[in-house]
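Novice: Take these sequences, add in the hints, and give me the full structure.
Protein chains in written order, with numbering that gives the first Met the number 0: chain U, 0 to 322; chain X, 0 to 324.
The hints are simulated quantities; they were obtained by calculation from the structure and are not laboratory data.
Be aware that a few hints might be false.
Some chain U residues flagged as far from chain X (calculated, every beta-carbon gap over 10 angstroms) [to be verified]:
1. K10
2. V15
3. P24
4. R58
5. E77
6. R107
7. A124
8. A143
9. K147
10. E179
11. I297
12. Q307
13. N313
Below, simulated DMTMM-like cross-link-like pairs (lysine to aspartate or glutamate); rule was C-alpha separation at most 25 angstroms, straight line [what the hints assert, rightly or not]:
14. U/K266 / X/E261
15. U/K265 / X/E308
16. U/K265 / X/D119
17. X/K201 / X/D119
18. U/K264 / X/E193
19. U/K264 / X/D119
20. U/K91 / U/E41
21. X/K30 / U/E153
22. U/K119 / U/D134
23. X/K201 / U/E263
24. U/K264 / X/E32
25. U/K39 / U/D198
26. U/K265 / X/E32
27. U/K264 / X/E178
28. U/K264 / X/E200
29. U/K264 / X/E308
30. X/K258 / U/D134
31. U/K266 / X/E193
32. X/K12 / U/E153
33. U/K201 / X/E264
34. U/K264 / X/D260
35. U/K266 / X/D221
36. U/K265 / X/E193
37. U/K264 / X/D147
38. U/K39 / X/D243
39. U/K266 / X/D260
40. U/K264 / X/E261
For each residue, glycine too, the CB sits at the ideal point set by N, CA and C.
Given next are the chains, with one letter for each unit.
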Amino acid sequence: MDKLMEVKNLKKYFNVGSSGFFQKPNFVQAVDDVTFDIYKGETLGIVGESGCGKSTMGRLLVTLLDSTSGEILFEGKEVNAIRKNNRKDISKNIQIIFQDPYASLNPRMTIGDIIREPMKINGIATGDELEKKLDILLEQVGLASYHKDRYPHEFSGGQRQRVGIARAISVNPKLIVCDEAVSALDVSIQAQILNLLSDLQKELGFTYLFIAHGLNVVKHISDRVGVMYLGKLVEIATVDKLYSTPMHPYTQALLSAIPIPNPEKKKERIILTGDVPSPINPPSGCRFHTRCQECMDICKQTEPPLVQLESGHNVACHLYDKK
Amino acid sequence: MLLDIKNLKTEFKTKKGIVAAVNGVDFSVDKGEVVAIVGESGSGKSVTSLSLMRLLAKTDKTKVTGEALFKGENLLDKSEKEMQKMRGKQLSMIFQEPMTSLNPVFTIGRQISEAVIKHDGATKKAARERSIEMLRLVGIPSPETRIDNYPHQLSGGMRQRVMIAMALSCSPELLIADEPTTALDVTIQAQILELMLELKEKLGTAILLITHDLGVVAEVADKVVVMYCGKVVEKAAVLDIFRDPKHPYTIGLLNSIPKIDENEERLFIIPGTVPNPLNLPSGCAFRDRCPNCLEKCKTCEPPLINLGEREVRCFLYEKENEANG
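Specialist: Structural data, given as structure tokens:
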């Protein structure tokens, strides 16, 4: 399969100021040395708990944030170089759908204007053709043509998210980053939006980076899944492998923690103790070692690299070091 | 029976008309039982709990009618003073957002002690010891030092534990938990659910759990009440709900969750959205989204139909009922 995007040793540190006047500034290591590829036409899911850096990573890929170091290659070209040359080459190819459908639409613009704007800026269509395109887009996302003169406040959360999707797909991008795109929605609406996203992918061949904390949602929509913990990618594998035989102890705990909507299935739970440590001063060695049940001496000192196992999993854990 | 709610109705007067957020709800909670109220946003589940606790602002714009019998006494008839004596002591509540429901200017120790001093007349010293004991019970490491922390020094999961410690400090008979784990991560959610069940076993507290997460319901509840547009549409034991849901809304809700242990190509969809509470359809409120809508559903509102151990608000089961009864 062709690589659409390659992410190499990506880092993003946020300066959060120093604790005293003469002290060195502190950094939140939001994304720390993450490497992975996104293939054409696939859906790559990224899961992790709050503060693990998944949203920061999404924003880095759309170049809404500048990385501290590392490379992001889109179709073989460094995104920052593309952006310097022409900003529109990024926005035409990479789009994002945000989490909060209440905050991500301009309340003073009509739905039509919101969806027209990216098409106008990128010179996709004008005049009658633009209107025709708008009608098609509205229909594709399950809205009607008469909605275009309405304002966002007249719509429900699910409908607003459809507007966000229409806006993102209006420029016919290659990659769409869905940052918690269904997390704010009720279950019945969430199912509608998930089906819409997979229909659009089948029809128009998009590639998705699907960031979410709901593991069942990610499983449903993804082809491959990456798990993040405290700024690190700890495991990445195909969806079947990851969910049937999780290798990293954190992935195992995460999967066992999901409540299953079936009272007859009682399962063994791995209850993690403690909370996620602060990303300002993450633990030495493996960042998960403070909560890990399998923790060994080496974990406290050396950081495990992400390596591919024979089974096809990519995992960063000393348990699988070659002896 | 610990709590018996009869025909509870909560109405809000708005500029555009009267909204019946809770519209004739009946259910009961027995001693030591976990009852879950499930529904989507706007179904009236949180307003039900706030009405019970009498925490809705008292203005001429809100009207609560019906009965909420707690050990035979109607909570809705109590004066504010009497309610203050009961809140925290006999019934207490955990709110959804641990970030905003603790007072940021007091230490957590002071906030937990407050209830103990007020209700049990404990001395400051005894209250502090009780608070430390409660913090230990909810699994906060080194409670002796943590007790002097302010809420901002704690993580979300720990704040939720503090809320639970506070709610349980006077061993209430009923704990109302309004989306207690919704704001938390899954691994922390697992810890909190485990804790609530453990405390139920130890202290015999009945829990009224309000949630939209059916996974959580399956894990902890004994009985389930499904709400839609301010009404109870189905009531049954947890096994019956998941094994054999009756109401088309419950069926749709269960089918539209992506399952972690199954592969499905497409998700089942309940079409449309929840209707505007100011403009509910005539007849059954669910009829516009229902795959089995009958002629009758458009004009008459279905009553709660008794099917032996369970109840369902749907005309589909009318005949079954006649045959049985």
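Novice: Against each hint, give a clear statement of whether it holds in the structure.
Specialist: Going through the hints against the structure:
1. Distance check for U/K10 against chain X: the nearest CB is about 24 angstroms away, which clears 10 angstroms, and the non-interface claim stands.
2. Once the 10 angstroms rule is applied to beta carbons, U/V15 is consistent with being away from chain X; the minimum gap is 15 angstroms.
3. Against the 10 angstroms criterion, U/P24 stays outside the reach of chain X, whose nearest CB is about 21 angstroms from its own CB.
4. Against the 10 angstroms criterion, U/R58 stays outside the reach of chain X, whose nearest CB is about 20 angstroms from its own CB.
5. The beta carbon of U/E77 is kept farther than 10 angstroms from every beta carbon of chain X, the shortest such distance being approximately 34 angstroms.
6. Non-interface status of U/R107 relative to chain X is upheld: no Cβ of that chain comes within 10 angstroms, the nearest being about 22 angstroms off.
7. No beta-carbon of chain X comes within 10 angstroms of the beta-carbon of U/A124; the shortest separation is about 30 angstroms.
8. Once the 10 angstroms rule is applied to beta carbons, U/A143 is consistent with being away from chain X; the minimum gap is 13 angstroms.
9. The beta carbon of U/K147 sits about 19 angstroms from the closest Cβ of chain X, which is more than 10 angstroms, so the claim that it is off the interface holds.
10. Taking the minimum C-beta to C-beta distance to chain X, about 13 angstroms, the non-interface status of U/E179 holds against the 10 angstroms cut.
11. With a cut of 10 angstroms on Cβ distances, U/I297 stays outside the contact zone with chain X, its closest approach being about 24 angstroms.
12. With a least beta-carbon separation of about 25 angstroms from chain X, U/Q307 lies farther than 10 angstroms from that chain, consistent with its non-interface assignment.
13. Distance check on U/N313: its Cβ is at least 21 angstroms (rounded) from any Cβ of chain X, clearing the 10 angstroms threshold; non-interface status holds.
14. With a CA separation close to 15 angstroms, the supplied pair U/K266 and X/E261 stays within the 25 angstroms bound.
15. Only pairs whose Cα atoms come within 25 angstroms are accepted, and U/K265 paired with X/E308 is accepted, the gap being roughly 24 angstroms.
16. A distance of roughly 39 angstroms separates the Cα atoms of U/K265 and X/D119; the hinted pair therefore is violated under the 25 angstroms criterion.
17. For the suggested pair X/K201 and X/D119, the alpha carbons sit about 20 angstroms apart, so the restraint of at most 25 angstroms is met.
18. Between U/K264 and X/E193, the direct Cα distance comes to roughly 16 angstroms. Compliance with the 25 angstroms bound is thereby established for this hinted pair.
19. For the proposed pair U/K264 and X/D119, the alpha carbon gap of about 42 angstroms is over 25 angstroms, so the pair is violated.
20. A hinted pair counts as satisfied when its Cα atoms are at most 25 angstroms apart, and U/K91 with U/E41 qualifies at roughly 19 angstroms.
21. Pair hint X/K30 plus U/E153 does not hold up; C-alpha atoms about 45 angstroms apart against a cutoff of 25 angstroms.
22. Annotation: proposed proximity of U/K119 to U/D134 holds, straight-line Cα distance about 15 angstroms (limit 25 angstroms).
23. A C-alpha spacing of about 24 angstroms is found between X/K201 and U/E263, which places the hinted pair at or below 25 angstroms, so the restraint holds.
24. Between U/K264 and X/E32, the direct Cα distance comes to roughly 20 angstroms. Compliance with the 25 angstroms bound is thereby established for this hinted pair.
25. Distance hint between U/K39 and U/D198 is fulfilled; the C-alpha atoms sit about 16 angstroms from each other, no more than 25 angstroms.
26. Distance restraint check for U/K265 and X/E32: the Cα-Cα separation of roughly 19 angstroms lies within the 25 angstroms cut-off, and the hinted pair is therefore satisfied.
27. Restraint check for U/K264 and X/E178: the C-alpha separation of about 23 angstroms stays at or below 25 angstroms, so the hint holds.
28. About 21 angstroms separates the Cα atoms of U/K264 and X/E200, which keeps this hinted pair within 25 angstroms; it holds.
29. Straight-line distance between C-alpha atoms of U/K264 and X/E308 comes to about 22 angstroms, which keeps the hinted pair within the 25 angstroms bound.
30. For the given pair, X/K258 sits about 34 angstroms from U/D134 by alpha-carbon distance, which is inconsistent with the 25 angstroms threshold.
31. The suggested pairing of U/K266 with X/E193 holds, with an alpha-carbon distance near 13 angstroms, which does not exceed 25 angstroms.
32. Between the alpha carbons of X/K12 and U/E153 the distance comes to roughly 21 angstroms, so the proposed pair stays at or under 25 angstroms and holds.
33. The hinted pair formed by U/K201 and X/E264 meets the criterion: a straight-line CA distance of about 12 angstroms does not exceed 25 angstroms.
34. In summary, the hint linking U/K264 to X/D260 is supported, as the alpha carbons are separated by about 11 angstroms, within the 25 angstroms threshold.
35. Between U/K266 and X/D221, the direct Cα distance comes to roughly 18 angstroms. Compliance with the 25 angstroms bound is thereby established for this hinted pair.
36. Taking the CA atoms of U/K265 and X/E193, the gap is near 13 angstroms; set against the 25 angstroms cutoff, the hint holds.
37. Between the alpha carbons of U/K264 and X/D147 the distance comes to roughly 41 angstroms, so the proposed pair goes past 25 angstroms and is violated.
38. Our distance criterion of 25 angstroms between C-alpha atoms is broken by U/K39 and X/D243, whose separation comes to about 42 angstroms.
39. With a CA separation close to 12 angstroms, the supplied pair U/K266 and X/D260 stays within the 25 angstroms bound.
40. Distance hint between U/K264 and X/E261 is fulfilled; the C-alpha atoms sit about 13 angstroms from each other, no more than 25 angstroms.
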